[in-house]
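2 protein chains.
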Amino acid sequence: MTNPVLVEVIRGPLVESRHRGAVAVCDAEGKTVLAIGDDAAAIFPRSAVKALQALPLIMEGAVERFGLSNEELALACASHSGEAAHVAGVERMLGKAGLDPSALRCGAHWPVAQAAAAAVARSGAPSPLHNNCSGKHAGFLCVARALGVDHADYWRPTHPVQQRVRRVLEDFTGATLGEAQCAVDGCSVPTWGVPLRNLAHGFAKFATGRGISAEHAKAAARLRQACAKAPWFVAGTGRFCTEILQLLGERVFVKTGAEGVYCAALPGQGLGIALKCDDGAGRAAQAIMAALIARFVPLAASERAALERFVQPVLRNWNDFEVGRMRVSEMLA
Amino acid sequence: MTNPVLVEVIRGPLVESRHRGAVAVCDAEGKTVLAIGDDAAAIFPRSAVKALQALPLIMEGAVERFGLSNEELALACASHSGEAAHVAGVERMLGKAGLDPSALRCGAHWPVAQAAAAAVARSGAPSPLHNNCSGKHAGFLCVARALGVDHADYWRPTHPVQQRVRRVLEDFTGATLGEAQCAVDGCSVPTWGVPLRNLAHGFAKFATGRGISAEHAKAAARLRQACAKAPWFVAGTGRFCTEILQLLGERVFVKTGAEGVYCAALPGQGLGIALKCDDGAGRAAQAIMAALIARFVPLAASERAALERFVQPVLRNWNDFEVGRMRVSEMLA
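Residue numbers (the numbering used here), protein chains in the order written: chain H, 1 to 333; chain C, 1 to 333.
Accuracy of the hints is not assured; some may be wrong.
Stated by the list, open to error - Just so you have them, the derived chain H footprint on chain C, three or more residues with Cβ under 8 Å:
hint, region
1, 277 to 283
2, 317 to 325
What the hints assert, rightly or not - Derived contacts from chain C toward chain H, CB cut-off under 10 Å, selection only:
hint, residue
3, VAL5
4, SER17
5, HIS19
6, ALA42
7, ALA108
8, ASN131
9, TRP155
10, CYS182
11, VAL184
12, ALA214
13, ALA217
Honestly, the hints are just simulated from the structure, not real lab data.
Predicted model only: the values in this text are computed from it and were never measured.
Cβ atoms here follow ideal geometry from the backbone N, Cα and C, with glycine treated the same way.
Bound conformation, chain H alone (with noise of 0.2 Å):
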């Protein structure tokens, strides 16, 4: 199945560049809404489901043990942008848990955020703090700490951190998650495979809280509105994550994930969004996104008007002249 042009890149008189992909939006009792495109192929969510992988963290205690605020409860399901308090926060959650970043597996990248590379590269060289899945690092230590097992690791897919991960994905998805669809991500935690409607449906219940445990629908709450107040932790400064918490609050939760994936909670609707483009792009996966939320979501003239830059982005060039624009399919209209 050749999924559609979801996208279209525009400069001056020519279409540039297209991306395909699909689209699942589903209710928490599985319903599909909406599909474009092959809903049913799997896709690795990379970190679209850092909320997912942090219920541990509520439902092993370390939040009342470790006296976890919402601005690191926010971090351990960001990707964050590597910007100053980004990372004191984690080393903050580190120190909570009687830990400090040696114990971070994640690797070392610069900042995303420019100005914090800047400001890194002028003091030194990035550490581990700065790679973007730091927070949600730091959560899996605190989940090993509050658990009481050995920490150094927590990333392998068969330690008890990973396998509890696990089985909150298979609970909110309903897939079956085996070595066969189990990849090493970026950060080197397992990235689990997990078709697109199933992801949707998770993020239905991650909404919702229909069809999971009371536990699992309360830790789903607590994330969702510890994102909503805290929502500079969950990416950083100017990026869509951040800014469409900002603008909607507990409306929307949304979360990018690598390779062009984007994962949304709307629980006024009742619905969990999961989208993914067929390259990978980023650029592309966000148009998208902007535009369901603007399909799905009631909003006020005001808030319409402040997605509208997000739902057909004008690109600029190095001079800051309008070049071109991105288009998304009337299919998500």
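Put chain C on the given structure of chain H with help from the hints.
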């Protein structure tokens, strides 16, 4: 027409992402040797035609007049990484033409090379010299000076420099280039939409000197030789264009462009290559070009082995774990 999948990105047990695209390989008479996908569609070649954009530099006598070196000619054809010697070379070119960096109108961006970006961050902020197109712009300024015209607006489509560039592109590609084909590039000069097969035809002429004037043929050979002699200046440390030029010298001229474009000239085979990934992905375009070089250029075993890491790249994560690989379509083999 739907272009075929030419590159699959594999993670663990699954194909995670897919890149579609089109390929044209032509000889200097315009005969198609290989066509994959829609080779009649117009694409913006972007930086892949910098060597054609640099031809007026030779045609108008700027090389002799200002005593430009091979390194400086290579910079005029380059999308450089903004490393120290690139920046110094561009500044030297400008100085030879009696200008300084304030004449550049390409806009500033951080060096493509991470180490160079960190070095710039330690001492300040990037300038237009660090823009990957600054060598091309310095070349345009040299042409303006050689022509004795006001250089201030050298980047505008109506300026004598850009009109000369447009005519070179028309002569080489056989396409008629007017307003209906014109857009603005990332560095603000015009980029002209050209059918993919015409672009391949143009590079076959660039490779062989056939089908163009003796002056153009001589100038093309001069640029190919300069790039083969100073390959580091065409891109930079570890970059594909540089590595291929270092590996194969004058046997292959290859140049990348934004949004998934690559062009190449194979003098020994009398062929030109042009390719475009539908989605604009550079990673896929590079693998496709590597596969085409392996297909069309007779290689020693050691050369073939050196090329293999570009044809079937291994994907590693932040901990340097092997997490996947890219696989090019058998259509390219």
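Evaluation of the provided hints:
Counting residues of the region 277 to 283 of chain C whose beta-carbon sits less than 8 Å from any beta-carbon of chain H gives 5, enough to reach three: the coverage restraint holds. A count of 7 residues in the region 317 to 325 of chain C with a Cβ less than 8 Å from any Cβ of chain H is obtained; the coverage claim is therefore met, three being the minimum. Because the beta carbon of C:VAL5 sits about 9 Å from the nearest beta carbon in chain H, less than 10 Å, this interface hint is met. For C:SER17, the shortest C-beta to C-beta distance to chain H is roughly 4 Å, which falls under 10 Å, so the interface hint holds.
Among the interface hints, the one on C:HIS19 holds; its C-beta lies about 5 Å from the nearest C-beta in chain H, closer than the 10 Å criterion. Hint status for C:ALA42 relative to chain H: holds, with the closest Cβ pair at about 6 Å, below 10 Å. For the restraint placing C:ALA108 at the interface with chain H, the shortest Cβ-Cβ distance is roughly 7 Å, inside the 10 Å limit, so the hint holds. Interface hint at C:ASN131: satisfied, since its Cβ lies 6 Å from the closest Cβ of chain H, which is below the 10 Å cut-off.
A least Cβ separation of about 9 Å between C:TRP155 and chain H falls short of the 10 Å threshold, and the interface hint therefore holds. Satisfaction of the interface hint for C:CYS182 is found here, the shortest Cβ-Cβ separation to chain H being roughly 6 Å, below the 10 Å cut-off. Because the smallest distance between the Cβ of C:VAL184 and any Cβ of chain H comes to about 5 Å, under 10 Å, the interface hint for this residue holds. A distance limit of 10 Å between C-beta atoms decides the matter here; for C:ALA214 the minimum to chain H is near 34 Å, and the interface restraint is violated.
Residue-level restraint check for C:ALA217 is violated (minimum Cβ-Cβ distance to chain H is 30 Å; threshold 10 Å).
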